[in-house]
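> Respectively, the protein sequence lines represent chains A and B. If you're matching positions, the first sequence starts at 1 in the working numbering and goes up one per residue. If you're matching positions, the second sequence starts at 1 in the working numbering and goes up one per residue.
Don't take each hint at face value.
Stated by the list, open to error - Simulated crosslink set (EDC-like; lysine to aspartate or glutamate; CA at most 16 angstroms straight-line):
1. A:LYS71 x A:GLU5
2. B:LYS14 x B:GLU78
3. A:LYS42 x B:GLU107
4. A:LYS42 x A:GLU5
5. A:LYS37 x B:GLU107
6. A:LYS37 x A:GLU2
7. A:LYS22 x A:ASP49
8. A:LYS37 x B:GLU102
9. A:LYS68 x A:GLU2
Calculated from the structure, these hints are not laboratory results.
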Amino acid sequence: GENVEQHPSTLSVQEGDSAVIKCTYSDSASNYFPWYKQELGKRPQLIIDIRSNVGEKKDQRIAVTLNKTAKHFSLHITETQPEDSAVYFCAAAFTGGGNKLTFGTGTQLKVEL
Amino acid sequence: DTGVSQNPRHKITKRGQNVTFRCDPISEHNRLYWYRQTLGQGPEFLTYFQNEAQLEKSRLLSDRFSAERPKGSFSTLEIQRTEQGDSAMYLCAPNRDRVTGELFFGEGSRLTVL
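Take the sequences, apply the hints, and build the full model.
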């Protein structure tokens with residue numbers, strides 16, 4: 001089955017700096033890679049996703065990159081703000097095989113003033 | 001608006017008791033997924049339905065767990081003879097379009113087994 005590794009487990013940045021979270025996956029059949037943000041006590045919320053037919057996707061201050069050859073994908077947050085503080089999860093799935101998401105272990109992002 | 005209602009939101013029970021969680025999508029969704037999230041971990045896939053058919057179950061779903069989606073709309077997840085290790089957040093995610101793959105989780109049902 002799929003295995004997703006996520007690094008770092010904790011990340012502390014100053015407000016206005018950039019943050020990068022990296023994930024690797026094991027199953028070359030995976031073709032869908034979403035990122036979720038989870039605030040304390042709340043549900044995981046989908047913030048951005050990328051499919052295997054593109055290498056990069058951007059939405060305002062967040063961007064995702066995908067390297068299929070290396071089986072790496074990353075989340076980039078620019079101009080971080082205190083409200084970006086949360087746990088971020090990457091995930092991978094093969095949409096033709098039940099679309100079951102396998103999640104990483106999460107990154108606790110703290111944006112300090 | 002998450003597009004799905006989960007009940008109860010919180011359940012505290014004693015070990016050995018049975019519990020049932022319900023997931024009600026607001027609109028029609030062909031697929032419906034159940035995930036479990038323990039403290040400090042990412043969500044883990046449990047099972048999913050295509051209409052009323054349960055197509056796949058994770059090995060995490062022991063014999064004490066049963067899920068149904070009788071009319072292809074709402075779904076229930078029952079846990080029999082609860083154990084402390086069952087304490088977790090149980091998340092439901094309807095999915096209208098299996099091609100896009102997007103999953104939007106409900107608010108979840110938090111189970112605490114004493």
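> Are the hints correct? Go through all of them and say.
The hints, checked one at a time:
no.	hint	result
1	A:LYS71 x A:GLU5	holds (11 angstroms)
2	B:LYS14 x B:GLU78	holds (15 angstroms)
3	A:LYS42 x B:GLU107	holds (7 angstroms)
4	A:LYS42 x A:GLU5	violated (23 angstroms)
5	A:LYS37 x B:GLU107	holds (13 angstroms)
6	A:LYS37 x A:GLU2	violated (21 angstroms)
7	A:LYS22 x A:ASP49	holds (14 angstroms)
8	A:LYS37 x B:GLU102	holds (14 angstroms)
9	A:LYS68 x A:GLU2	holds (15 angstroms)
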